[in-house]
Amino acid sequence: MKLSKLHIALLLVALVAPFVLYPVFLAKILCFALFACAFNLLLGYVGLLSFGHAAFLGTGGYITGWLMMNANLTPELAILLGTAAAGLLGALYGKLAVKREGIYFAMVTLALAQLIFFVYLQAPFTGGEDGMQGIPRGELFGLIDLSDNLTMYYFVLAVFLFGFWLINRTIHSPFGQVLKAIRENEPRAVSLGYNVNDYKWVAFMISAALAGLAGATKSLVFQLASLTDVHWHMSGEVVLMTLVGGVGTVFGPLLGAGAIVTMQNYLSGGELGNYIHIIMGAIFVICVLAFRGGLVGELQKLVKRNFG
Amino acid sequence: MSADYVLESRNLVKAFKGFTAVDDVNLKVTRGHIHALIGPNGAGKTTVFNLLTKFLSPTSGRILFNGQDITPMKPAAIARAGVVRSFQISAVFPQLTVLENVRVALQRKEGNSFHFWRPQRILDRLNDRAMELLTSVGLESFADARTMDLSYGRKRALEIATTLALDPELMLLDEPTQGMGHEDVGRVADLIKQVSAGRTILMVEHNLHVVSKLADRITVLQRGAILTEGDYATVSTDPRVQEAYMGTAAAAEANAQQEETA
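If you read the protein sequences in the order shown, they are chains F and H.
With the numbering used here, the residue at position 267 of the first sequence is 267, and numbering never jumps.
With the numbering used here, the residue at position 236 of the second sequence is 236, and numbering never jumps.
Careful, some of the hints might be misleading.
Distance ranges between label pairs, derived from CB positions [unchecked claim]:
id : chain 1 : residue 1 : chain 2 : residue 2 : range
1  : H       : 243       : F       : 284       : 55 to 61 Å
2  : H       : 146       : F       : 197       : 26 to 32 Å
3  : F       : 88        : H       : 115       : 52 to 58 Å
4  : H       : 141       : F       : 107       : 45 to 51 Å
5  : F       : 197       : H       : 69        : 38 to 44 Å
6  : H       : 231       : F       : 197       : 53 to 59 Å
7  : F       : 232       : H       : 89        : 48 to 54 Å
8  : H       : 144       : F       : 101       : 29 to 35 Å
9  : H       : 178       : F       : 290       : 34 to 40 Å
10 : H       : 144       : F       : 134       : 43 to 49 Å
No lab work stands behind these hints: they were computed from the structure.
All figures in this text were calculated on a predicted structure; none of them were measured in a lab.
For each residue, glycine too, the CB sits at the ideal point set by N, CA and C.
My request is simple: use the sequences and hints to build the entire structure.
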């Protein structure tokens, strides 16, 4: 991936931002941005709408949280194992789901995610309705104390950049080329000799693992893993973020996650708190009806009109 | 003796709920031939294609490729074995460039198609071969164009270049000239003739002029069953074929004439 001026500018903003805004808030945006980017890999580049991605976000969070509280691991190892757990769950769920297409794929992923929701609701180690509270952030590599919010933010930024890089690399790899071919014309990809389900499956695993990475990191930021992260609301929210930002674009999910998290944060505190779902629903409808390219699509048009 | 035949179907049957789309078809495609499959609308030509490439599973019967039973194989595996099909509607990847369309086909044999951690530029070594293929169908000047911007005729030419990239032993073309203007039909027909060198082609085609020009052998399907087979001269003079194509109106007229003379 070539670094453009845009990349460098955004990176500079990300480095300076915690001196202006609350670092935990920014870290939250980055976690959700990674989650949405992982989701977008499937929807935007393979054409698969998963309605169960909360399962992977939640798994990453629970596993990492439990390891931090019980196994005395350093955070990077706990995150790695949480990510691997989400990837494994993705391997299992993906194997079942890629056999179906369209709405049936979405329904299978939703059903499987509901299954894991009830597992986590009942399993003793998750803390059920209360969730897992007071997860220690630990010391990165046993050296760097993450309890400071600013340090935590830069760690999350590094994790996000890794995930973002991996997704971009995947999109622009030989594998990504086949994924695009499958998205564009699946029967033709089959007639060229590609076992399309295997490609979808690998993409599903990568997406699930990175969603797990987002969840694992998030559990350290908030020192909390709860049922909210595995609830189907969360699966819907990531669809919303991706569509609002611009599906199938590199920066869309990042922008969408930023917009949605910001709205949630600032609206839920004020008088409008009770109406937040109505407001977000309306925004969703407007985006889908009027701005098919999402925020990124509109921005591109704007840039073209004024500078093109 | 079956070695003369690249592809054979034996008692091939496909029954959908309540009707038999393909009824006991024994098709033999001779190596090196351009073999045309013709017949009126709804005769089951495309269904036969879908069965031969396993996009549909036959209700009963067997399919042999080079004497080997390929009936239980998956469609992608059949493609890898050397039987590559095209589709009635032009099958291209619209958002990819023209060059990338061909390269996706070349890429499979490289064995790096699952490598998600490597940059796309490792595929650049296939560009020369892709350009060669594009040149062979006259698309070299469109290599970097987005495929969705191509004309219909050029999309079909690109599809043939993509299929050729796999160097298939047997090409199955489903109505390659359908929906084309007069000029494009001639161009694609010439192209098919050109690429048939050294391989076998089985094609569904409506345009009888193209069939007469290209086909070494013709199989006529009607209501899912083989009506007759032979070269163009034999088939085109067969009264049953004429009736099948003219339909009931012609038959009724013939009846009326008979009544008059009686």
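Each hint, compared with the structure:
1. Under the hint 55 to 61 Å, the C-beta atoms of residue 243 of chain H and residue 284 of chain F, about 60 Å apart, fit the expected range.
2. About 28 Å separates the C-beta atoms of residue 146 of chain H and residue 197 of chain F, a value consistent with the hinted range of 26 to 32 Å.
3. One distance hint, 52 to 58 Å for the beta-carbon pair residue 88 of chain F and residue 115 of chain H, is violated here, with the actual separation near 21 Å.
4. Between residue 141 of chain H and residue 107 of chain F the CB atoms are about 47 Å apart, so this pair conforms to the stated range of 45 to 51 Å.
5. For the pair residue 197 of chain F and residue 69 of chain H, the supplied restraint of 38 to 44 Å is violated, since their beta-carbon distance comes to about 24 Å.
6. Between residue 231 of chain H and residue 197 of chain F, the C-beta spacing of about 43 Å breaks the proposed range 53 to 59 Å.
7. Checking the proposed 48 to 54 Å range against residue 232 of chain F and residue 89 of chain H shows it is violated: the Cβ atoms sit about 37 Å from each other.
8. About 32 Å separates the C-beta atoms of residue 144 of chain H and residue 101 of chain F, a value consistent with the hinted range of 29 to 35 Å.
9. At roughly 37 Å, the beta carbons of residue 178 of chain H and residue 290 of chain F sit within the given window of 34 to 40 Å.
10. Hint check: residue 144 of chain H to residue 134 of chain F, Cβ distance near 57 Å, so the stated range 43 to 49 Å is violated.
Hints 3, 5, 6, 7 and 10 from the earlier list are contradicted by this structure; the remaining hints agree with it.
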